[in-house]
Amino acid sequence: MEVPNLTDVVQALDLAVFRRESVGVLRLLGNPPAWLEEVWPSVARSGLMDSVIEVSPYLDNFLIDADAHWKSGKSHRARSGPWVETAADGREYNLEASAMNVGGVSTLLVEDLGASFEQRRAMLQTARENMLAYEKLNAEVQRKEVLLHCVVHDMCSPLQNMMMALSMLDSEILAPEVRGMVQLGLQAGRRQESMIDNVLHMYAAEMRAHYGRDNGEWPGMDLRSATQRTIELNRPLFAQQNVTLAWDAESAGSGRRRLPGDEEHYERVLGNLLGNALRHSPTGSTVGIRFEEDAEWITIQVEDEGGGVPPHLQAQLFQKFQQGAIGRGKVGLGLFFCRIIIAKWGGEIGFSPRSGNGSCFWFKLPKLPTLPETKKPGPTVSKS
Amino acid sequence: MLTKKICLLGSFSVGKTSLVARFVQSVFSEEYLTTVGVKVDKKIVLSGDQEMMLMIWDLAGDDDFQRMNLNFLRGSAGIIYVADGTRPASVDAVLDLRDRVRTNLGDLPSVLALNKADLVDAWQIDEARLAQLQDGGWSARKTSAKDGSNVEETFSELASRMLSK
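Residue numbers (the working numbering), protein chains in the order written: chain A, 1 to 384; chain B, 1 to 165.
Covered stretches of chain A, going by a simulated chain B footprint (3 or more residues, C-beta under 8 Å):
1. 51 to 61
2. 118 to 127
Beta-carbon label-pair distances, calculated as ranges:
3. D67/A <-> K42/B: 18 to 26 Å
4. H201/A <-> R74/B: 50 to 58 Å
5. A128/B <-> A295/A: 37 to 45 Å
Bear in mind the hints are in silico, worked out from the structure with no lab data behind them.
Glycine is no exception: its CB is placed at the ideal position from the N, C-alpha and C atoms.
Same shape as in the complex, but just chain A:
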């Protein structure tokens, strides 16, 4: 069988093959490929590259890595990665060099990547253009959301005017049936105010979660007081539906704890979970709040005795605009709000079915390491 001549193989592959003679000096082996005569004509003519930095700063930089590779005696190729050289006529060549140890000879192969480079570039170009299109789409969606939430915010002004007018009417002497109508109007107004407030809070929290940066200096939380305030706020609603709200205050510990987050948002999260539990609780049942704690986490659980969450809804429970069974939720933002707040704090939120009946919604917060106390903490800011 005829064995091909190595020089012919190298020529067929369009490779420039160099032998390292000394530091920064390369000798061309065999005939120069056509592209070498275009890119480095002096090297093609003399067969010597004795001042690599002048010929190609990129190749000169690679020779530092190549020298280390040759010294190591390793048999695999060390590649330079692609780079561009410009010929005298302005044409650009995409080259790549490989350092190899071939039979004890420090060898450098340089190849013109040609069509394979263009394919690689085209793939990368497509991927990056897609990323740019995605970024633009996201920016557009964000702009529209800001606009929408400005509109929602602006809805507050006329509503407040109406509420003020109704409040003034309510303070007048009115026929009972008229007062009833005025109070109905006030009640509806308050509900709408609360809904707008929820939407705006949720949006602000979402924006902070996605784009905000925290400095990690949390004020700490007094879980017991914050939980007590949330319970007091919700107790009338529970009483109205004859649902018992039970909790073990001792299990929440006492005093300010080093936890991520702030009490205002903690109360909104807990309030959302309590409201959710109440909506799904039958008359005469109990909703319980339980705290569990280990070395790293504090877990807060809200348990109800309702009908539970159907399996097909469980996976999407914490998504935006998801409502619970038989559409008892409001607009489906409450649990989504809870999720982004807890995630922002580095915690977790979830749902577990209870044995028997009912659901357990829980969230856990990571305990922060205790710092040496330098000053007394300020007073707890309570929500009005």
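Using the hints, position chain B against chain A.
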């Protein structure tokens, strides 16, 4: 003549290649052609009385598809970080790149080009953000490879910073 190697670093499609083309050849193309690998250009500049040859390394944009090889920065005397003023995420990318460069090469003279300043309607970096960057130690200026604004100034500022180091 004094020779200094400088590198342009930044996310993809922020206009690094266009800035070099504007600075070296005074040309601009609207077409986006992603850079793969490295291209080295040269230009002689005058900084004060000092003539200096800049070896300008235009490195491919750094992203998940193509990570920057820190070996390319070996021997650099200065860095031009480039962000796209219409894409705030590209500014965050530059902050990350600076951290990586500092970790591996220490503090090098650098400037920040907030490019595409000609896209006024799409511009996202407000004066407060610019002031914040300057407070954070950045020498930052708005540039446009398209109309040439502040391109010479950015390279000159880096040249002067390299000389005074």
